[in-house]
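2 protein chains.
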Amino acid sequence: MNLATRCLLELPSWLEPFVADWQEPLETAEQRMALAIALSGENSSRKTGGPFGAIVVNADSELLGAGVNMVTKLGVSLAHAEMMALSMAQSAQKDWNLSAAGQVQLVTSCEPCAMCFGAVPWSGVTSLVCGARRDDAEACGFDEGDKPKNWQSKLEDRGIATQVDVLREDAVTVLQHYVHSNGKIYNP
Amino acid sequence: MNLATRCLLELPSWLEPFVADWQEPLETAEQRMALAIALSGENSSRKTGGPFGAIVVNADSELLGAGVNMVTKLGVSLAHAEMMALSMAQSAQKDWNLSAAGQVQLVTSCEPCAMCFGAVPWSGVTSLVCGARRDDAEACGFDEGDKPKNWQSKLEDRGIATQVDVLREDAVTVLQHYVHSNGKIYNP
Numbered sequence: 005m006n007l008a009t010r011c012l013l014e015l016p017s018w019l020e021p022f023v024a025d026w027q028e029p030l031e032t033a034e035q036r037m038a039l040a041i042a043l044s045g046e047n048s049s050r051k052t053g054g055p056f057g058a059i060v061v062n063a064d065s066e067l068l069g070a071g072v073n074m075v076t077k078l079g080v081s082l083a084h085a086e087m088m089a090l091s092m093a094q095s096a097q098k099d100w101n102l103s104a105a106g107q108v109q110l111v112t113s114c115e116p117c118a119m120c121f122g123a124v125p126w127s128g129v130t131s132l133v134c135g136a137r138r139d140d141a142e143a144c145g146f147d148e149g150d151k152p153k154n155w156q157s158k159l160e161d162r163g164i165a166t167q168v169d170v171l172r173e174d175a176v177t178v179l180q181h182y183v184h185s186n187g188k189i190y191n192p
Numbered sequence: 005m006n007l008a009t010r011c012l013l014e015l016p017s018w019l020e021p022f023v024a025d026w027q028e029p030l031e032t033a034e035q036r037m038a039l040a041i042a043l044s045g046e047n048s049s050r051k052t053g054g055p056f057g058a059i060v061v062n063a064d065s066e067l068l069g070a071g072v073n074m075v076t077k078l079g080v081s082l083a084h085a086e087m088m089a090l091s092m093a094q095s096a097q098k099d100w101n102l103s104a105a106g107q108v109q110l111v112t113s114c115e116p117c118a119m120c121f122g123a124v125p126w127s128g129v130t131s132l133v134c135g136a137r138r139d140d141a142e143a144c145g146f147d148e149g150d151k152p153k154n155w156q157s158k159l160e161d162r163g164i165a166t167q168v169d170v171l172r173e174d175a176v177t178v179l180q181h182y183v184h185s186n187g188k189i190y191n192p
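If you read the protein sequences in the order shown, they are chains X and W. For the first sequence, the numbering used here begins at 5 and goes up steadily by one. For the second sequence, the numbering used here begins at 5 and goes up steadily by one.
Some hints here could point you the wrong way.
Pairs involving identical chains hold if they fit within one copy or between any two copies, as the list cannot separate such chains.
Here are the simulated DSSO-like pairs of lysine-lysine, each with C-alpha atoms no more than 30 Å apart in a straight line [as the list claims (entries may be wrong)]:
#, residue 1, residue 2
1, K77, K98
2, K77, K51
3, K188, K98
Note that these hints are calculated values from the structure, not bench results.
Could you build the full structure based on these sequences and the hints that come with them?
Structure below.
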């Protein structure tokens, strides 16, 4: 028996300095999305994972966490950008409940897949902002899973505000560039 | 800025010796479920997390991974039993695709929540076995999230066989014992 008892989720080494160099404010949904999309593009061009990025920001526009898709790099299927960003924010806060200290927003370059949709309420985030749509991702060959069709109202019912299509075209450009560069579309 | 770049998912220290001492075979669904439920009960009685356990087993009845709910202990909301078991199996195999070497089964003491349901196809597991039902967990106060009502057929459509109600009563007993012992029901 060779049981693992630890699994390390670790961001690529380029990410922390990249974010530290980001000079733009994170006040509006568009400003926040610009960083999430920049992370998705950087992850793609550096070949550290799929073309997806996400950030977690509080009501004071402070960045609490950032993530990119690391599935193939880490060899862990849960390592989507949203899961990484939420987990990093929780690690920094040492609390699974990100809303313990007020309003917290998850901003993701692409609408969450079925897993990440399910993960959103458990994290305590109070709002969600998305760039590309599910259809955009699926048009590029990505599988978004079996999410309820009325996923936005399901989140709203839980008090989690949602906003979609924020800088959608920019987000889609990154997805398309990844595919045209022969980026790996992994599926079991 | 205090950005975390690492998040360690780590099983409780009692788990590895507990599993090593488990002498029963893991050939049938019931035998496998007995271990998943035992892990859920042990996690509850040792107060290392919620009353949920899961294992990953291959076609040769070898244990590839095991997990328990570690949300409050780790401070990470994705740390459900199924996510831990899948991630540990992937860490041991150094591959996100657990079906790369053949049929692989996820056995969980309770029907997966919306997040874990969404995570199942991404892991490559080829079948899923559940103990307690969603209704059992919700009757104890747990929130199972917004999973499609036809979740089993959604998995079957992807070639993932499902089996439910395996040792259901035993699994429910652990859930009820946790609640009667004033176990924490966390919710954001």
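Checked hints:
no. : hint       : verdict
1   : K77 - K98  : both (25 Å within a copy, 10 Å between copies)
2   : K77 - K51  : within (9 Å within a copy, 34 Å between copies)
3   : K188 - K98 : between (34 Å within a copy, 18 Å between copies)
When held up to the earlier numbered hints, the structure conflicts with none and fits them all.
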